[in-house]
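Asker: Taken in sequence, the protein lines are chains S and L. Under the numbering used here, the first residue of the first sequence carries the number 1, and numbering increases by one thereafter. Under the numbering used here, the first residue of the second sequence carries the number 1, and numbering increases by one thereafter.
The set of hints was computed from the structure by calculation and includes no laboratory data. Some hints could be false.
Below, computed lysine to any residue pairings styled on SDA-like, alpha-carbon distance capped at 20 Å [stated by the list, open to error]: (1) S:Lys5 / L:Leu111; (2) L:Lys8 / L:Tyr26; (3) S:Lys246 / S:Val220; (4) S:Lys2 / L:Lys8; (5) S:Lys5 / L:Glu172; (6) S:Lys5 / L:Ile114; (7) S:Lys5 / L:Asp116; (8) S:Lys99 / S:Ile114; (9) S:Lys2 / L:Asp116; (10) S:Lys5 / L:Arg106; (11) S:Lys5 / L:Arg113; (12) S:Lys5 / L:Asp108; (13) S:Lys2 / L:Arg113; (14) S:Lys5 / L:Ile110; (15) S:Lys230 / S:Tyr128; (16) S:Lys246 / S:Lys99; (17) S:Lys246 / S:Phe262; (18) L:Lys8 / L:Asn192; (19) S:Lys246 / S:Met87; (20) S:Lys246 / S:Val315; (21) S:Lys246 / S:Leu211; (22) S:Lys2 / L:Met112; (23) S:Lys99 / S:Lys2; (24) S:Lys5 / L:Lys8; (25) S:Lys5 / S:Tyr317; (26) S:Lys99 / S:Val220.
Part of the chain S face toward chain L, derived, beta carbon under 7 Å [what the hints assert, rightly or not]: (27) Ser46; (28) Val178; (29) Phe182; (30) Val268; (31) Leu300.
All values derive from a computational prediction rather than experimental measurement. The C-beta atom is built at its ideal place from N, Cα and C for all residues, glycine as well.
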Amino acid sequence: MKIVKRAGSALVMVFAVTTATFFLVRLMPGSPYATELYQLQQQGYSVVQAENQVRVLFGFAVQGPLWLQYLHYLGGLVHGNLGTSIMYPGESVLGLIGKAVPWTVLIVCVSLLICFAIGVGLGTLAAYLRGGWFDQIVTIGSSLLNGIPQYLTAILLFYFLATLGHLFPIGGAYSPAVHPGFNLGFVGSVFYHAMLPILSFVFSGFAGWALLMKSSTVSVLGEDFIFTAKAMAIRERDVVISYVSKNAMLPLFTSLLLSLGFMFGGSVYVEQVFNYPGLGQLFLNSTNSRDFPLMQGCFLLLTTAVITANFVADVLYTRLDPRIRQ
Amino acid sequence: MTFADLWKLFVRHPQNVIGVTMLAGYLFMAVVGPSLYPAILPTNANAIYLPPSWVHPLGTDYAGRDVLALIVIGTRAVLEVASTAAVITVVVGVVIGLWSGFLGGRVDMILMRITDMFLTVPGLPLLILIASIVSMTNPLLIAVLLSITAWGGLARAVRSQVLSYREREYVEAARSLRLGTRHILFQEITPNLMPYIVMHLLLAVTGAIYAEVGLFYLGVFPYKSNNWGVMLNLAYNQGGAIYSSQSMFYLIAPMAAILLLQLAIVLVLRFVEEVFNPRLRVS
Numbered sequence: 001m002k003i004v005k006r007a008g009s010a011l012v013m014v015f016a017v018t019t020a021t022f023f024l025v026r027l028m029p030g031s032p033y034a035t036e037l038y039q040l041q042q043q044g045y046s047v048v049q050a051e052n053q054v055r056v057l058f059g060f061a062v063q064g065p066l067w068l069q070y071l072h073y074l075g076g077l078v079h080g081n082l083g084t085s086i087m088y089p090g091e092s093v094l095g096l097i098g099k100a101v102p103w104t105v106l107i108v109c110v111s112l113l114i115c116f117a118i119g120v121g122l123g124t125l126a127a128y129l130r131g132g133w134f135d136q137i138v139t140i141g142s143s144l145l146n147g148i149p150q151y152l153t154a155i156l157l158f159y160f161l162a163t164l165g166h167l168f169p170i171g172g173a174y175s176p177a178v179h180p181g182f183n184l185g186f187v188g189s190v191f192y193h194a195m196l197p198i199l200s201f202v203f204s205g206f207a208g209w210a211l212l213m214k215s216s217t218v219s220v221l222g223e224d225f226i227f228t229a230k231a232m233a234i235r236e237r238d239v240v241i242s243y244v245s246k247n248a249m250l251p252l253f254t255s256l257l258l259s260l261g262f263m264f265g266g267s268v269y270v271e272q273v274f275n276y277p278g279l280g281q282l283f284l285n286s287t288n289s290r291d292f293p294l295m296q297g298c299f300l301l302l303t304t305a306v307i308t309a310n311f312v313a314d315v316l317y318t319r320l321d322p323r324i325r326q
Numbered sequence: 001m002t003f004a005d006l007w008k009l010f011v012r013h014p015q016n017v018i019g020v021t022m023l024a025g026y027l028f029m030a031v032v033g034p035s036l037y038p039a040i041l042p043t044n045a046n047a048i049y050l051p052p053s054w055v056h057p058l059g060t061d062y063a064g065r066d067v068l069a070l071i072v073i074g075t076r077a078v079l080e081v082a083s084t085a086a087v088i089t090v091v092v093g094v095v096i097g098l099w100s101g102f103l104g105g106r107v108d109m110i111l112m113r114i115t116d117m118f119l120t121v122p123g124l125p126l127l128i129l130i131a132s133i134v135s136m137t138n139p140l141l142i143a144v145l146l147s148i149t150a151w152g153g154l155a156r157a158v159r160s161q162v163l164s165y166r167e168r169e170y171v172e173a174a175r176s177l178r179l180g181t182r183h184i185l186f187q188e189i190t191p192n193l194m195p196y197i198v199m200h201l202l203l204a205v206t207g208a209i210y211a212e213v214g215l216f217y218l219g220v221f222p223y224k225s226n227n228w229g230v231m232l233n234l235a236y237n238q239g240g241a242i243y244s245s246q247s248m249f250y251l252i253a254p255m256a257a258i259l260l261l262q263l264a265i266v267l268v269l270r271f272v273e274e275v276f277n278p279r280l281r282v283s
């Protein structure tokens, strides 16, 4: 019952964001219709020709009153139609997003897992050795690196390893020389191109996990059941694995899903630096060229992904931690 | 705590002194810096991307301008917006958190729903979206924009603290004396939150700097004056600096400025934490 209620409020949130975005984007000075009309006339079309062109491009609804446009947009959404792009004439927004999403998901998920693993390792060690030099280094280093913006790490990696070092490619998701498909050359090329974007996320992301894991582990170490386990002469290694880590990692699982929003946002920076054809770059390009069907589509997808992740985190947390279920 | 105690605590760890000195240095650069240089920096086509020298301690940029001068002038632009944004963030977050926690009931529910919404929507894309719609030429407007995505976490944290404080005996006593909501909120409850608020203010400054420089770097904001983000943007997109090893100082300088400022803030934050939390001082 609680899940249904949460799912309901997640849906309401998606709807609210959709509506807000729709009207926000319509506030933009110079409607896309007028902009396109103007551009076509600049390119030497006559007024009538340009108007016809624009009509074909946008459909008629763009000229109607705002509420009609809104209903039209919602109707399209329900049918999975997000409209057509202005920047890439003739391509549907959904198609463009579909092409971009896998790349973003690839780099975001892989780097999130790596961050998580490094952070948990460092955090646990620091908690065990707290007060020592290792803990000092990890804690100070992490609070410095924590939340460091991805554009800094990305630009540094790009500059030193890609343009100066010539060790990595300077753009794209795979080399034009390979054929997309499930073959070794393609998979290798994809990973080669994804390496630096992933590293940028890792450098800016692992520190937060280390700090979180450390504080979580320290608080678990103070619990009575750890003391009991030690008193019962259970092997130290078993205590760490099955008593401490499991409990300390619990709050981190929800953060894992919650940080997806931050990561997806950061993909704008990373993909821009590495010229990586993911959702972040598509979104940035669409805002730069005022392609607002595309802009709206990307933003809607990003938000929906984050809201879904929040919902899953909520549900998962009650499953993982029976103490919260009541 | 007397001033002497504070001083003793301050000089006990060298990192406190380092942090505060660095932060003071940045403030000095922001306040005095721009007046040390001419309003329009001289360009020199024969001296582009020079390596560091006595005349140009950090080398020159694509137009032959002194990189150190660009950094110093940029400090004011960056800190001005970031500190305004931090103050707005903290004020909005604290006020909403206080009201929500203290009043409870329907007001609480509505305020927290709104807060949740701002917390959920991915921040950076939202900033880019709004910045592309509203023309952001005014620093104050940029500060307001940056705080839109930042206040939610603080509001939630303050609310949960208020929930625990409002049941304390001294609040009960104040209530029975009919001291009024405003007195209870600002005289009885808020002082307890002060350490938290001060620390969050510092954190909000870093967050705002990151976001501000990033958005300038992406070219989302139109720019008239120079700041670190604009430097990065030009270095990456226009100067071709990213493809040459000669321009290393020009490219690295704004990033180093951000990182050193972050270092200073982290160190100051640790000191502030130590001041407010006596338990940390024992070890």
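Asker: Does each hint fit the structure? Answer for all of them.
Answerer: Quick rundown of the hints versus the structure:
no.: 1; hint: S:Lys5 / L:Leu111; result: holds, 19 Å
no.: 2; hint: L:Lys8 / L:Tyr26; result: violated, 24 Å
no.: 3; hint: S:Lys246 / S:Val220; result: holds, 10 Å
no.: 4; hint: S:Lys2 / L:Lys8; result: violated, 54 Å
no.: 5; hint: S:Lys5 / L:Glu172; result: violated, 35 Å
no.: 6; hint: S:Lys5 / L:Ile114; result: holds, 17 Å
no.: 7; hint: S:Lys5 / L:Asp116; result: holds, 16 Å
no.: 8; hint: S:Lys99 / S:Ile114; result: violated, 25 Å
no.: 9; hint: S:Lys2 / L:Asp116; result: holds, 18 Å
no.: 10; hint: S:Lys5 / L:Arg106; result: holds, 18 Å
no.: 11; hint: S:Lys5 / L:Arg113; result: holds, 14 Å
no.: 12; hint: S:Lys5 / L:Asp108; result: holds, 19 Å
no.: 13; hint: S:Lys2 / L:Arg113; result: holds, 17 Å
no.: 14; hint: S:Lys5 / L:Ile110; result: holds, 16 Å
no.: 15; hint: S:Lys230 / S:Tyr128; result: holds, 14 Å
no.: 16; hint: S:Lys246 / S:Lys99; result: violated, 38 Å
no.: 17; hint: S:Lys246 / S:Phe262; result: violated, 25 Å
no.: 18; hint: L:Lys8 / L:Asn192; result: violated, 24 Å
no.: 19; hint: S:Lys246 / S:Met87; result: violated, 49 Å
no.: 20; hint: S:Lys246 / S:Val315; result: holds, 18 Å
no.: 21; hint: S:Lys246 / S:Leu211; result: holds, 17 Å
no.: 22; hint: S:Lys2 / L:Met112; result: holds, 18 Å
no.: 23; hint: S:Lys99 / S:Lys2; result: violated, 36 Å
no.: 24; hint: S:Lys5 / L:Lys8; result: violated, 55 Å
no.: 25; hint: S:Lys5 / S:Tyr317; result: holds, 16 Å
no.: 26; hint: S:Lys99 / S:Val220; result: violated, 44 Å
no.: 27; hint: Ser46; result: violated, 31 Å
no.: 28; hint: Val178; result: violated, 25 Å
no.: 29; hint: Phe182; result: violated, 32 Å
no.: 30; hint: Val268; result: holds, 6 Å
no.: 31; hint: Leu300; result: violated, 10 Å
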